[in-house]
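These are the residues of each chain, in order.
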Amino acid sequence: MDDSEERTGSVTRCEPVTTLDMISPPGSCRVASISAPAMVRKRLLALGFIPGAAIEAVRAAPLGDPVEYRIKGYTISLRKEDARLIAVTPGCA
Amino acid sequence: MKDRIRIALAGNPNVGKSTIFNALTGSNQHIANWPGVTVEKKSGTTRLGKTEIEIVDLPGTYSLTAYSIDEVVARDYIIEEKPDVVIHVIDATNFERNLYLTTQLMELGVPLVIALNMSDEAEKNGTLINRTLIKKYFEIPAVRTVGSKGEGLDELLRAALTEAETSPHHEHAIGYGDEIERHIAAIVAVLEKDPNLASRYPPRWLAIRLLEGDDNAQDKIQKSTITAAADAILASIDTEKTEAAMADRRYEVIAALLPQVCTTCVKEMNASDIIDRVVTDRWLGIPIFLALMWAAFELTFAVATPFMSAIDAVMGSCASYVAGSGMEPAWLASLLGDGIIGGLGSVLIFIPNIFILLFILSLLEDSGYLARAAFVMDRLMYAIGLPGKSFIPMLIGFGCNVPAILGTRTIEDKNDRLITILINPFMSCGARLPVYVLLAGAFFPTNAGTVVFVLYVLGIAIAIGSAYLFRKTILPGKPAPFLMEMPPYRFPTAGTAIRHMWDRGEMYIRKAGGIILAGAFIVWVLATFPWGAEYGSAESYAGMIGHLLEPLVAPLGFDWKIAVALLFGFIAKEIVVGSLGVLYGTGEDESSLTGALLADPSLGPVAAFALMAFVLLYMPCVATLAVIRKETGSWKWTGFSVAYGIIVAYLVAFVIVRAGPLILGGI
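These protein sequence lines are chains A and B, in that order.
Residues 8 to 100 in this note's numbering are what the first sequence lists, from first letter to last.
Residues 1151 to 1817 in this note's numbering are what the second sequence lists, from first letter to last.
Bound-form chain B, shown alone (with noise of 0.2 Å):
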C-alpha cells in the first residue's frame, strides 16, 4: 500500500462531478487558482485505510483538445503532473456522448477509473451498464456510483488505490487505420530523436494531437529539437480531414463497443422532455423566466428581511452601547462603538440577503433550469453582442457583484467575459437596496416598490446600451459560438446548493468583509476628527472634503453632505445610508433619518430618485474593483470601470434632474 497518492478527477460538465468531489473531501477542501490561468482550482484530501489521498478536481470538459483554457489545464495537469490515478466521472444517462472523453484520457496513457454516476437516474430509465464487461473491453475498472447519495464512493477510492498498485497499466491504444497508423508511426519515431520531450509526453498521444492539428502540441515541438522534422511530415498531411476522420474512428469504436456494454441504452423522450415543452414554449418560455426571477426574489427579500432587522437591532444596541457606556477615553469608546461594531453590522446585514439569493441560484443552477434561461435569453443577449452565457453572472449581480464576477469564468471568449464583467456593476446589487429603501420609503411612501423597480430596470438598461457600445467600439466582434448542453432536469439536493451558496458567499464575507471593515473605519476617522469636532458635522475632514467636492455635484442638485456620502459609498454603497445617518446626525435609526432626509430642503422627490441612479451607476464597490483587477488581471480596465460608471452616472443624474420635474410634474 502506497503511503499517499494523487487522484485527478475528470468528466464532462453536468455530471456530477463536484457532487462526487465534495462527498469525498467533506471539508478539507482548498480552493486556488491554477496557475497563470483564472480557472479555479480545487484540491481537498481524504483517507482510505492507511492512505492520505489527494483529490485534485479537474475542470469540466468534453475532450482534451484545446478548445478552451480549461481543456487546457485538465490535461496539462494530467500529463505535466502525472496523477497516480484519473477518474473518469461519466454520467450514466448519458453514456455514449460521455464516453468520448473516456477514448482521449485512454489515450493519454494514465491508470483510469470510471464512475458511473447518477447510475440510480439511469436505472430507473431502464438503463442498464454492465461494469464487467467494460472492464473487459476497455481494461478500465468502472463503479457504481451516486454521487448524490454518497452511494459507492469507497468502493471507487478502492479501485482507483488497486489501479494505482498496478503496474504496468495497460496501454489503451485506439487503431485509427492504415493511413492515419502510417502517420502516427512516423511522427512517433521523430518525436522518439528528442528524449526530452519523448519522456514528458507519451509520442503516441503527442503525434495524434499533432494530426489533429492542435495548437498547444503544437507548440511544444516547437520548442524542441525536432522541429523541422516533425513539421515535413505534418506539411504533407490534411489535418482538418484528418481530425474529423480520428473523432469519426473514435465513435466508431464507441458505437461498436455500446451495444455489447450498455445491453438497454434508453434514448427514448423522458421527463425534462415534456417540462422544457412548457418552459421553453415559445409564448411562456420568456414569461417563465421571468416570472422565476421575480419569485427568487421577492422569496429572497421575504426570507431575508426579519434576519437583516435582527442583525440590525442586535448590532445597532451594541453599537450604541459601547459608545455611550461612559468608557475612558471618549475616542476609544466612539472608535470601538461607531467604528468597529456600526462597520461589522454592515458588513453582516447583506449576509441573509446574499445567502439566500445565492442558494436559490444554485437550485436554479443544479436542477437545470439555468441552462435553460441561457437558451430562452440567448436571442436577446445575442442582439446585445453577448453570449447567453453571460446572462447568468448577470443575475447573480442582483445579489452582489463579487460572486458574479468570478461567475464569469465559465465564459470562454476573452471579450465577452470582459464586457460582462465591465457591465456587471450595474446590475443592481443587494447593498444598494438600503439605500434604495431610505429614499424611496422617504420620498416615494405610495409606490416605493415601483421606484425601486425602475432603478433595477434603468441598471438593466444601462448594462444592456454599454454592452453594445463596447461591443461596437472598444472591444469588437461577435459572441463566441453558442454550444450548450441541455443537461436534465434533476432534483437539486440541499446539501449540494448550500456547498455552492457557501463557496460563493464566502468570497463575499472574504473578499468584502475587510475592505467594508476597513472603509467603517476611514469613515469613523475622517467623521471623528480633527478631535472636537462635533462627529460627521461641518468641521470634520469629511465636511471639508464635501465642502471640496460640492461644486462639482450641484448641478446634481447634491449638497456636501450627499457629496461625502458618495465619496464613503465608494467603499461599500450601503455605507451611504450609513453616512447620511452620521451625517444627518440621526445615526442608523431609519425613522429619525427619514424625518432628517424630508426636512432637508435641498431634497426633493427628483434630487431623491437622481441621487438612487446616481449610487446605482456611479462606480464599483472596492471589493467589486478587486475582483475585477483579479479576473482582468490589468489595473487599465479596473481604472476604465470606475471612470466609465462616474461619468454615466454624472449624465443619468443630471438629466433626471433635468427632465425629472417636467415628468413629476414638480410633485
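Isolated chain A, as found in the complex (with noise of 0.2 Å):
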C-alpha cells in the first residue's frame, strides 16, 4: 500500500500550494486538498472541490468578504474563512 500523502494523478505542481482565500478575483487555481472538519469536507467534495478541480476566483461580495467562484461550470459563493480550509495551487487552471 502506497502510504504517501502525495496524491498524484491530475494535480500538476505548478506553483506552491497556498490557501483558496489568497486567489484574489479574478484568479484561478486548482484543488490541493480539504483540511476542514468532516461535515464541510463532506459538502465540499459534493460540491466539486476534489482534488485537480479548477477553480476561478470570479468576485468578492462588496464588503469583499465573501468570495464568488466558479467551479465545474457553477458558481458558489465561501467565506474567505472557509476558503482557507482549501488548499490549492495557484495559476494551472
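Just so you know, not all the hints are guaranteed correct.
Distance windows between CB atoms, simulated [claimed, not checked]:
#: 1; chain 1: B; residue 1: L1619; chain 2: A; residue 2: M29; range: 28 to 38 Å
#: 2; chain 1: B; residue 1: T1414; chain 2: A; residue 2: S42; range: 32 to 42 Å
#: 3; chain 1: B; residue 1: I1383; chain 2: A; residue 2: S42; range: 23 to 33 Å
#: 4; chain 1: A; residue 1: M29; chain 2: B; residue 2: K1285; range: 40 to 50 Å
These are computed hints drawn from the structure, not numbers from a lab.
For glycine and all other residues, C-beta sits at the position ideal for the given N, C-alpha and C.
Quick one: dock chain against chain with the hints and give me the complex.
Spelled out as C-alpha cells, the structure:
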C-alpha cells in the first residue's frame, strides 16, 4: 500500500500550495487538498471541490467577503474563513 | 400496469424540482412535516391511465451524505420507504455538478429516471445532452423537461411507470479501484452476516457510506449484531482519505462520460455574470439591494392600501349594521357585530399586505436575486454572528413573523437557526404598521413616514444587538460555513410565485386567523362584561385589568387604557388599534380616534413614540409564539422570547420617555 501523502495524477505542480482565500479575484487555481471538519469536507466534495478541480475566483462581495467562485461550470460563494480550509495550487487552470 | 405507485422527486436545490412537483400534482397536495424533524414534507397525487401515482417531494440536496437533516431525510426515505421510482430532477444548464447526486442515487440501487429540467435554457446556451447515450452509459432513462412550461411531464411519468414495472432493475455500481473495492468487499461480507441489516439496506451502499466515515451509517452498524467485526475492518482504514478518493472517483466517472453524453456542454460567461457584475458590484451592490427592498415595501403598501381600505370599509359597515340592527338579545347583536365581524375584519385586513409582500419576495427568490442578497449581506450578518441565510427570514419578518420563522428551516446549524428565530419578532411585521399609522399620523402629521422608518430601523438595530448578545452569551459558536450556490438568474413565472405566496400566506391565515378571531372574542368579552358596564369603560373587566396594570406602565407614561390595549395586543398587535378605538369610545373610525388620542392630555409625541416602540418590541403575538414553540420544540425558548421582549420593550420605552423630551425640545 502506498502511504505517500501525495495525490498524484490530475494535480500538476505549478506553484507552491497556498489556500483558496489567498486567490484574489479574478484568478484561478486547482484544488490540492481539503482540511476541513468532516461535515464541511463532505459538502465541499459533493460540490466538486475534489483534488485537481479547476477553480476560478470570479468576484468578491461588496464588503470583500464572501468570494464567488466558479467550479465545474457553476458558481458558489464561500467565506474567506472557509476558503482557507482548501489548499490550492495557483496559476494552474 | 400497477394500480398505484410511489415516486420520489430528488435533486439539488434550485433545479426547478418544486415547479415540476406543482405541475404534476396541481392542487392535490399535502404539506406535513417529516416525522421527528422540522423539514417540510410535500406529497401529492396524480393519475396516468389507470395508475394512481403518489409523488413525494424530497428536500433539495447536493449529495446523500449526512451533512444536513435534509440529506438524512431524503436518503432515509429512499432507503427505508423504498419508493417504486426515484425521479432525479437535473438542471440541464449545470449538468456536471448535478450528476454527482446521480452517482449517489445510482448506488442506492433504486429504479431511477432523470428529468433533464430547464432544457430550453440549456439548449438556448448551446448545450446539447444526448438522452439516448445517457440511457446507454448510465442505464437510466432520461426525459427532456421544462417544468415552468409543463413540457415533457407526461413523458416523465410514463418513463417512471415503465421503470417501476421493469424488474429486476439494473444494479448501478461505480468501480472505486482495487484498494477501495477490497475494503468494500470485506465490509459487505461482514454486513451480510446480519440478515436484518442486509435486507434493509443495500450492503454495498452501506459499506461505501461506512468507508466515507458517515455517522448515520455508523449508527446503523452500532445497532446491529456485527458491530465489532465491522469496526475492526474500519479501524485500519483512513476514512478521510478514502472519502476524498471516492468523491474523486465519482467525478472521474462523470468526467469520462460527460463528453460522450453532453456533446456541447457550454460553460462560458452568460447573462447571469453580466447582471452579477452590477448587482454585486463593490459600490453598487449594497445600494441596489437597499433600493430593491425599499421598492418592494413601497410597492406592497401602494398596491395593498386600496384593498385594505375596502376591507376596512366593508367590514366596518357590516359590523356597525349588525351591532346597531336592534337584534334581540342585545348582547348577541353586540357579539356578532363588535366581536365576530370586527375580529374577522382584523384577520382580513392584513391579507393584501402580507400576500403582496410574499409575492414580491417569491419573485425575488425565484429570479435568483435572494441568493445575491445573501452574498452581499453575508459579511454584515457574519459580523453579528449570523450566516447570510438568516437575512432572508429577517426580511420576510417585515411581512409577517409567522412565515419568516417557518422560513428559518433553510438554516442548517441549530444555534444559527435558534438565534434567527429569536430575533425575528423584532422585525416590524405588517400587523404593527396600523399602530404606527394611527399614532404617527396623529402625533407626527408632517413627518409620519420618517417616524415609521425610524421604528423599522429601531427593530433592526434591536434584532442585530440581540443576535450579537445571544452569540456572546447563551448560544455561543460561529455561524456555519457559507457554501451557497449562486443560481443563474431566471425569469420568475407568476404561477410559481403565486404558489409560493399562497403556501406561505396560507400559513398566516391558518395559524393566525383562528387565534386572532379568538383574541377578538376575548377582547369583546372583557370589554362587554360585567353586563351593563359601558363597552370598554373603566367598569368593564378590561378596564379593571387596565387599572391593575397601570402602576406597572406608569413610569413609561402609559395610563390604564394603554395598558388594556397592550394586553390585547398580545393576541395580535393590530388589535391595539381596535382596542384603543373601543377604549376611547370612538370605534374603528380612524379620524375620530385620532381626535380622541390628540385630546388625551396624557399622550404627547414622546409618549406616542414610546408606545409605538413598545408595541414594536414587547412580545411576539400569539400566532408567532405558537410558531416559535413549534419550530424550537421548546417551551423554554418560547418563554424566553416573551420575557426578553417585554424587558427590552420596557427599557427602550423608558429611555425614550426620559430622553425624548430633551431631543424633541419638549414639542
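Quiz item: Taking 32 to 42 Å as the hint, is the beta-carbon distance of T1414 (chain B) and S42 (chain A) inside that range?
Solution: 37 Å, holds
Quiz item: Can the suggested window of 23 to 33 Å be confirmed for the beta-carbon pair I1383 (chain B) and S42 (chain A)?
Solution: Roughly 25 Å apart at Cβ, these two residues keep to the hinted range, so it holds.
Practice problem: Could you say whether the range 40 to 50 Å given as a hint is met by the Cβ separation of M29 (chain A) and K1285 (chain B)? | Solution: 44 Å, holds
Quiz item: In this structure, is the beta-carbon distance linking L1619 (chain B) and M29 (chain A) contained in 28 to 38 Å?
Solution: The hinted range 28 to 38 Å holds for L1619 (chain B) and M29 (chain A), with Cβ atoms some 34 Å apart.
In summary, this structure violates none of the numbered hints.
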